[in-house]
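*Asks:* Got chain A; can you put chain B on it based on the hints?
There are 2 protein chains.
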Amino acid sequence: MYDLAIMKSLIECIPNISEGQRDDVVAAVREAAVAAAPGVLILDSTSDRDHNRSVLTFLGDGPSLISAMVAMVGAAIEKIDLRTHKGEHPRLGAVDVIPFVPIRRATQADCVSLARELGEKLASTYGLPVFLYEDAAASDSRKNLADIRRGEFEGLAKKMKDPAWKPDFGPTEPHPSAGATVVGARFPLIAYNINLGTSDIAIADRIAKAIRHISGGFRFVKAMGVRLDQRGIVQVSINMTNYEKTPLHRVFETVRSEAERFGVQVIGSEIVGLIPQAALLASASHFLRLEGDPAPQVLENKLLDMAYKTE
Amino acid sequence: MYDLAIMKSLIECIPNISEGQRDDVVAAVREAAVAAAPGVLILDSTSDRDHNRSVLTFLGDGPSLISAMVAMVGAAIEKIDLRTHKGEHPRLGAVDVIPFVPIRRATQADCVSLARELGEKLASTYGLPVFLYEDAAASDSRKNLADIRRGEFEGLAKKMKDPAWKPDFGPTEPHPSAGATVVGARFPLIAYNINLGTSDIAIADRIAKAIRHISGGFRFVKAMGVRLDQRGIVQVSINMTNYEKTPLHRVFETVRSEAERFGVQVIGSEIVGLIPQAALLASASHFLRLEGDPAPQVLENKLLDMAYKTE
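So the sequences go chain by chain: A and B.
Position one of the first sequence corresponds to residue 1 (this note's numbering), numbered consecutively onward.
Position one of the second sequence corresponds to residue 1 (this note's numbering), numbered consecutively onward.
Please keep in mind that the hints were generated in silico from the structure rather than gathered at the bench.
Ideal Cβ placement from N, Cα and C applies to all residues, glycine included.
Hints may contain errors.
[Said to hold, decoys possible] Chain B residues, not near chain A, derived (Cβ > 12 Å throughout):
hint, residue
1, E31
2, R83
3, H85
4, V112
5, N144
6, P176
7, M224
8, E253
9, K302
[Stated by the list, open to error] Taking beta-carbon pairs under 8 Å as the criterion, some of the chain B residues facing chain A (in silico):
hint, residue
10, L10
11, L41
12, F252
13, L288
One chain only, chain A, in its complex shape:
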């Protein structure tokens, strides 16, 4: 049995590190996290060689994750030197970004507190500049990761000379080899794709435009049209950044209605990666017109509550 049993909260922490080619380095960085906090679990570890970047998914309670991340950043600083790092993905630091995501018995506010606590510790322990982003950001101009990362590691020293880019914690110039780290809190992301019964990419593009925030669509939707060449169809590829406020079923129904306008059918949809149970229960609830939230009645949730009981 795992230490999870005594965890009061379950929070996901998904550090993105700037190493996706040297597997031994990724393993060492990963193991540094777990060695420092044995209660922390690794849910996933995915390395991309072209991006030269790895995405690690940890699960644990707040205090364990803080210990794990402090140790992990130490190991990453020791083994990763951004001065010689090359990869397709934009990055600012050896550990580029660390978001906290609430899963069970934890709120977004808890994750914001964790982000601040971790930022402070990374700065004081390693002399690393830390920027807070998303829900942990100190101001609106700091919310967007792309804005913080613009200029990348190579442009960071110059960027940080501008008082507007003073970090939230730590020195006002980059760590020589590890750059800076962006820490924050965000809602779980859902990657959701809807497949259309046509090979016409223009239709997928138009529907993507109709649903995405930037062009007038839903507040928490990013979308684009994608060709699925092997299947000879097109897809509306969607990132849902807040499934509570912009639920799957609403986006699905809108895509269906927009597709019908072109005489095109939705022939299927797919979830990529993990999805919180609540996102799917909300869709079942919507279509079945359930009068209450079914989550407390789901048998598996009783098992989960028993397994992760703290008393």
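*Replies:* Then chain B, alone, in the frame of chain A:
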């Protein structure tokens, strides 16, 4: 942390005992089960005074449930005498019926084996006649609980003189005070009600008829019309006996279509009691047209797998 952690399978066992008025007796019977197998959990215990009957819901692996049930039946035999028992609900024994239901890492076949093993043990330990029912039944004529129970405790001695009602295990006459026990395996039941925007009970009745098996509807649906006087509406009250073969969304859509024929809307629906996650995911999948089973992608299921890992 609970012993569940080391359970290879998770099976529900829902003994119905013929005592719903003396709370101390119900508690003693319940505790006898847990004392004999500390790994077994009590999910629920509901007593009905008019029925003079209690429904206990246990969760555990096969061997633990067998130990728990053998001990529980012993306590029930000691404390419940059917010769003086009165209640509205039909019953055959002090412990009337014990179904096993597969939940995780267990099949219907596992539950059939458990039912047989328990039947044999109850017969040899207590000289109790045991009938197997539902999926554990030795023949089709023994599947239906109502058929086995017809005549009740009071008619049991006479009924058992008929070779057709020789029990599957144990003596060919009733236990003097405890009657007989019916043991079996069944699929999880879902109680699902659909509310209609009308006060006309005739419409609910007609729709119930349209969907229930007995009058030409779905194979695994029992249904009737019910008045909800306080809300001034009617309801199609449904028991779904196999949500895999007759899923919620199919029944919902049929009720919706039948209601529309009368110009009536479905204004809501509700699940009563517990529901397996898979039943709701299937509905989400149907309406969102998901191409694969989303269960392995549900984050909570990863947590559950980790909590109940056996290695």
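*Asks:* If a hint holds in the structure, say so; if it doesn't, say that too.
*Replies:* Evaluation of the provided hints:
no., hint, verdict
1, E31, "18 Å, holds"
2, R83, "37 Å, holds"
3, H85, "31 Å, holds"
4, V112, "21 Å, holds"
5, N144, "26 Å, holds"
6, P176, "38 Å, holds"
7, M224, "19 Å, holds"
8, E253, "9 Å, violated"
9, K302, "6 Å, violated"
10, L10, "7 Å, holds"
11, L41, "6 Å, holds"
12, F252, "5 Å, holds"
13, L288, "5 Å, holds"
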